[in-house]
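Since each chain sits alone in its own frame, please combine them into the complex, following the hints.
Residue numbers (our numbering), protein chains in the order written: chain A, 1 to 338; chain B, 339 to 652.
Hints may contain errors.
In silico EDC-like cross-links for lysine to aspartate or glutamate, where the CA-CA straight-line distance does not exceed 16 angstroms [said to hold, decoys possible]:
no., chain 1, residue 1, chain 2, residue 2
1, B, Lys561, B, Glu583
2, A, Lys57, A, Asp116
3, A, Lys174, B, Glu438
4, B, Lys484, B, Glu433
5, B, Lys484, B, Glu438
6, A, Lys178, B, Glu433
7, B, Lys561, B, Glu639
8, B, Lys525, B, Glu564
9, B, Lys561, B, Glu585
10, B, Lys525, B, Asp510
11, A, Lys174, B, Glu408
12, A, Lys289, A, Glu278
13, A, Lys178, B, Glu498
14, A, Lys175, B, Glu438
15, A, Lys175, B, Glu433
16, B, Lys402, A, Asp116
17, B, Lys561, B, Glu575
18, B, Lys561, B, Glu379
19, A, Lys174, B, Glu477
20, B, Lys484, B, Asp510
21, A, Lys86, A, Glu107
Source of the hints: derived by calculation from the structure; they are not laboratory data.
So you can see what is in the structure, the chains are spelled out below.
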Amino acid sequence: MLGRLRDFYRFPDLVAITLIVPLLLGVVLAFALKEQGPGPLGVVVVTAPGEEDAAAKVRALLETEAGLRVWAASPAEAAQDMGSGKALLAIVPGAPPTYRFDPTRVEARLARELADGALQRGSGRRDLVSARAELRTEPGTRYIDFVFPGLLGAAVMNNALYGVGFMLVDQRMKKMLKRLRGTPMRPLDFFIASVLFRKLHLIPEAAITLVGANLLFGVPVRGPIWLLGLVIFMGSLAFSGLGLLAASRTRSTHTASGFINIITIPMLLCSGVFFSAERFPETVQPLLKGLPLTAMLDSSRAVMFDGAGFGQVLGPLAVLLAWSVGCFFTALWLFRWD
Amino acid sequence: MISSHNADPARPLAIRCRGLTKRYGDTVAVNGLDLDVFRGECFGLLGPNGAGKTTTIEILEGLKPPTAGEVEVLGMRWARQEYELRSRIGLTLQETSLTERLTVEEILELFRAFYGKGPDIDTLLRRVELTENRRVWYEHLSGGQKQRLAIACSLAGDPELLFLDEPTSGLDPQSRHQLWDQILTFKAEGRTVLLTTHYLEEAERLCDRVAVVDHGRVIAVDKPSELTVRLAGPVIELSVDAALEVEVLSQLPHVRRVHQSADGYAITVEALHLAVPEVLRLLHSRSVALRRFSTREGTLEDVFVHLTGSKLRD
Numbered sequence: 001m002l003g004r005l006r007d008f009y010r011f012p013d014l015v016a017i018t019l020i021v022p023l024l025l026g027v028v029l030a031f032a033l034k035e036q037g038p039g040p041l042g043v044v045v046v047t048a049p050g051e052e053d054a055a056a057k058v059r060a061l062l063e064t065e066a067g068l069r070v071w072a073a074s075p076a077e078a079a080q081d082m083g084s085g086k087a088l089l090a091i092v093p094g095a096p097p098t099y100r101f102d103p104t105r106v107e108a109r110l111a112r113e114l115a116d117g118a119l120q121r122g123s124g125r126r127d128l129v130s131a132r133a134e135l136r137t138e139p140g141t142r143y144i145d146f147v148f149p150g151l152l153g154a155a156v157m158n159n160a161l162y163g164v165g166f167m168l169v170d171q172r173m174k175k176m177l178k179r180l181r182g183t184p185m186r187p188l189d190f191f192i193a194s195v196l197f198r199k200l201h202l203i204p205e206a207a208i209t210l211v212g213a214n215l216l217f218g219v220p221v222r223g224p225i226w227l228l229g230l231v232i233f234m235g236s237l238a239f240s241g242l243g244l245l246a247a248s249r250t251r252s253t254h255t256a257s258g259f260i261n262i263i264t265i266p267m268l269l270c271s272g273v274f275f276s277a278e279r280f281p282e283t284v285q286p287l288l289k290g291l292p293l294t295a296m297l298d299s300s301r302a303v304m305f306d307g308a309g310f311g312q313v314l315g316p317l318a319v320l321l322a323w324s325v326g327c328f329f330t331a332l333w334l335f336r337w338d
Numbered sequence: 339m340i341s342s343h344n345a346d347p348a349r350p351l352a353i354r355c356r357g358l359t360k361r362y363g364d365t366v367a368v369n370g371l372d373l374d375v376f377r378g379e380c381f382g383l384l385g386p387n388g389a390g391k392t393t394t395i396e397i398l399e400g401l402k403p404p405t406a407g408e409v410e411v412l413g414m415r416w417a418r419q420e421y422e423l424r425s426r427i428g429l430t431l432q433e434t435s436l437t438e439r440l441t442v443e444e445i446l447e448l449f450r451a452f453y454g455k456g457p458d459i460d461t462l463l464r465r466v467e468l469t470e471n472r473r474v475w476y477e478h479l480s481g482g483q484k485q486r487l488a489i490a491c492s493l494a495g496d497p498e499l500l501f502l503d504e505p506t507s508g509l510d511p512q513s514r515h516q517l518w519d520q521i522l523t524f525k526a527e528g529r530t531v532l533l534t535t536h537y538l539e540e541a542e543r544l545c546d547r548v549a550v551v552d553h554g555r556v557i558a559v560d561k562p563s564e565l566t567v568r569l570a571g572p573v574i575e576l577s578v579d580a581a582l583e584v585e586v587l588s589q590l591p592h593v594r595r596v597h598q599s600a601d602g603y604a605i606t607v608e609a610l611h612l613a614v615p616e617v618l619r620l621l622h623s624r625s626v627a628l629r630r631f632s633t634r635e636g637t638l639e640d641v642f643v644h645l646t647g648s649k650l651r652d
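With the rest of the complex left out, here is chain B (with noise of 0.2 angstroms):
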């Protein structure tokens, strides 16, 4: 097990949890997790649904209580400093749908009116690109467009925290392009940001680091690129016309390990320049002939089939 205690004393932490659980009846959402998150950078929880990671991100966020763990979010905690902590952090949730029959101006003034300082109303339009839609009532929104209000409701505070759940579910790849780059000015910003998220593509690109969660548990923290070379290493895929045991491939030097599927096998190495000239002597003992061959770089989704078994996306 990967240790989740990248605990620097030289970084002051937005977040730190240990032990923290939630259950439902007999049902564990979150079981025992741990996180530290630094001021300042952009950290993800990637796992599949039903990992507990919203159940986790709405815990930090004070809108559900723990069943057991400590929280601290900004040096503070949510039974004594409630309000205090709300007026400095901002949140978007999963799904909310805002009042229908309200314009984007009107949803953001009733924002903008719940905190002492914040952006104006204009500002905060030109952040998500909605300047041309301010007097368009919220139901006739597209959902990226939603999206954004919602971003933009999350700003209304100014918040040195900002929490995002799974920010660009369900948008097609153009808003979600936007949307990525709206959330990497606010860490340009110094801004802290948590988000969650299962699309491996949007951990890679925004997050300084991810943990991967899975049955509420934390099962490996680290930087996005890191964690690939660690735990998934580059990938040759071939495929031969004859059966190789999977054994042998296994035990080559410089191979991690050997998947087998319909149509080849997929071996994870450490290195390409020191396993490719193994596995290509192999075949040629064996007078085995390559049909295809290829490699790549490791992913975080080669990550998480390693650390769970499972993939990602089902």
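Here chain A stands alone, though its shape is the one from the complex (with noise of 0.2 angstroms):
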């Protein structure tokens, strides 16, 4: 076990990749989703020729609302904007105007209502009630919040399946599996010293990882430290066993990478590592709830935002656990040596 944890600080390139990948990860996408929101909304305003009047009116109209940029296009132009995504709504002026945009983009939708509302009041009509903005960019509430736990936990999921999975095949390719049969070493001693090698430095990668993200973006942590680091720690033992079931039999690292990415990909999509598992139709919810990094993920972020003790994440880490336990069994019971 000892001998595995050196041979892994041998090569300084691996561990700066487990460590400042995540980091780096979040960095890029803090960039380039943290603060902007959706920018101003394109609108095009269609000028046949002759209407030039008609379309400049309209225009004036638009241009009062701040959550639009607005210009005039003869209508092949406009029809080609709309094409290229640059304008979200085309406006035919008329009596009555026409709006040409695709219902299925929440941005058309919300460009139609804001070009509607100025086009409305600019002909009179009256608001009736004044609501007051509450604008919400406190930590904890902000994208950059729900994604960091995310990333944090898909960075779990891939290094204990690379680390614990991949390298078992690389080593039976090696011969050194064979080698280590010859020895009175049992499977299970094996298997637990392959495991818990792996999560000796979780330690420090997670807290490199969270206390980069506290300092750098603020992203906090409300419920006990020592539940957080209880849910990285089983999420992490549940794709190790996850790990070792792609590789207890598989001989070529080639086919271990694809066991990976069949286990790694769906997860990645499906489990709120984006953007929250919660969009998917109600009738696959107790599925995804059934997926080891949902429940990680869940768990975590309840911990870091909503200050939740074990008694609320008792579920989530049942499901960690069951995963852990079944898996490691079922590879021990399938595992061969060459």
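Put into structure tokens, the structure is as follows:
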């Protein structure tokens, strides 16, 4: 066990990757997504020859709305702007005016609402209720807060699967496992060592990522830190179990990579790394809740942002424990040294 | 066919196997192989590549299950006493790579940790003359040093029985001699050694007895010297200035067999002092003049060619 840990640290590049990648990803995403929100929405006023006056009037009304960026264009150019996505909405002046937009795009619908409001007010409509806006940009509610635990979880998942699964297959290919089989070491001891070794550098890995997120973006941890540690540990354990399972009989590292991708890609998409898993239909929710990455992300977000205690994350922790134990013993049963 | 049952009831056996068979689909790698290895001897499995040596040794090491047959190692069976057996044997594989970025010392510590008893790291390092390289990474060792480290790993549990699969394959002559000395030391310590090799010199130098293996069967077992005397005998090599019939040479007294090659004849005989006069008398009676005439002792190579009809190394 100690031997393998030493081996790991002999590859400084590998250390750098496992520690820095989640942080780097966070930085990139933060710059891409953090403060912007959706920018001004593009609206094109379709100007047919001879209709320039009507178009200019509509355009003047629309420009009173700060959320819109408005320009005029010939019908052909307007069609092009819509096609390229530069314009989300095309308005053909007239009585009544026509709105052209793609209703499946939320931004296009927003552009329509804003444009319609501006035209209605410009034509004399009076708003009866003046609502007060409360802008939520404090830590714990921003997108960066949502995505950071997701990235941390994805990194833990990849490290555990590659660290345990891929390395095992690599050792099998080099006949190292065959040589180890020639010793009195039992498969169970070997499994425990392979999994625990991974957990040792999980501690600095997760700590650096969390501290970095806190210092750079103010991502908070409101619940008990030990509980977050437990959640991360249990998540890593479950993924190590999956890694063992993927590697239990696999003879080539190519096949192992394939297995690992089959495991990770659906979870990256469905478990709520980049957007909430609750967006998926109600019927598949129980299935998603049963995935180890969903369980890990739900519970780490609950601890970090809602200040959840042990009792509140018991369910997801049980899911993680079930995956760990189930995979570990199935892998042990399937395992071949060569 | 020469019997391979050299069972001597007075000597305890380290390895006993009967009817050992290993099939991979339609391919038969080991075909009903019988073997008795006594405790304390160095025993060699000699044969060309593909003869089934590695499959045999890996079955004996408990790394592969046989398709059929019985195997007893140190009086135990793999199916029932696997871990007890593992702690009492040591082995090297034909090819293994160990962890690239561990030092010699760390690898030995790892292997030492697998066994309840055994020599300390310094002793192991001294045994294989790697003391000066103890802090060198595995990936920076030479081929000979890696092989010596593999041997040191096999000694980590102070084994009674040592399996070495092609221990000197691919090594330079100096490293090979160094390893031979070490293997001779194991034997002197009373350990049993089973090795596979396709080097005749290695079998002759190290082994008390060898089994000649071909097509997954043992075709002869004996001391190397006995095998050569019994099955090869000394050889007269000559070339002459006229044609001689192989049949005529073969029928001379004390001649075992005659092999004709491009530059002359190789005549295997029972004893030189009896056969040489007969050969010279024949040449004289035919008025044939000698161009070249020499004699040599028989080798395991001759035994092998005789038994299998093919050379050991093609």
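Item to check | Agreement of B:Lys561 and B:Glu583 with the hint, judged by alpha carbon distance not exceeding 16 angstroms | outcome: violated (35 angstroms)
Next on the checklist: Can you confirm whether the C-alpha distance between B:Lys561 and B:Glu639 stays at or below 16 angstroms?
Outcome noted: holds (14 angstroms)
Checklist entry - Can the restraint linking B:Lys561 and B:Glu379 be considered satisfied, given a maximum Cα separation of 16 angstroms? => result holds (11 angstroms)
Checklist entry - Taking 16 angstroms as the top limit, are the C-alpha atoms of B:Lys402 and A:Asp116 close enough? => result Judged against 16 angstroms, a Cα distance of about 78 angstroms means the pair is violated.
Checklist entry - Given the hinted pair A:Lys289 and A:Glu278, is their alpha-carbon gap at most 16 angstroms? => result Status holds; Cα separation ~10 angstroms.
Checklist entry - B:Lys484 and B:Glu438: Cα distance at most 16 angstroms? => result holds (11 angstroms)
Next on the checklist: What's the verdict on A:Lys174 and B:Glu438, does the C-alpha distance respect the 16 angstroms limit or exceed it?
Outcome noted: Between A:Lys174 and B:Glu438 the Cα gap is close to 11 angstroms, so the pair holds against 16 angstroms.
Checklist entry - Given the hint that B:Lys561 pairs with B:Glu575, does the C-alpha gap stay at or below 16 angstroms? => result Judged against 16 angstroms, a Cα distance of about 25 angstroms means the pair is violated.
Item to check | B:Lys525 paired with B:Asp510 [C-alpha distance capped at 16 angstroms] | outcome: With a Cα-Cα distance of about 23 angstroms, the restraint between B:Lys525 and B:Asp510 is violated, given a limit of 16 angstroms.
Checklist entry - Going straight from one Cα to the other, do B:Lys484 and B:Glu433 come out at no more than 16 angstroms? => result Roughly 10 angstroms separates the two Cα atoms, so the pair holds.
Next on the checklist: Holds or violated: A:Lys175 and B:Glu433, Cα atoms, limit 16 angstroms.
Outcome noted: holds (8 angstroms)
Item to check | Straight-line alpha-carbon gap A:Lys178 to B:Glu498, limit 16 angstroms | outcome: violated (21 angstroms)
Taken one by one, the earlier hints fail for this structure at numbers 1, 8, 9, 10, 11, 13, 16 and 17, listed in ascending order.
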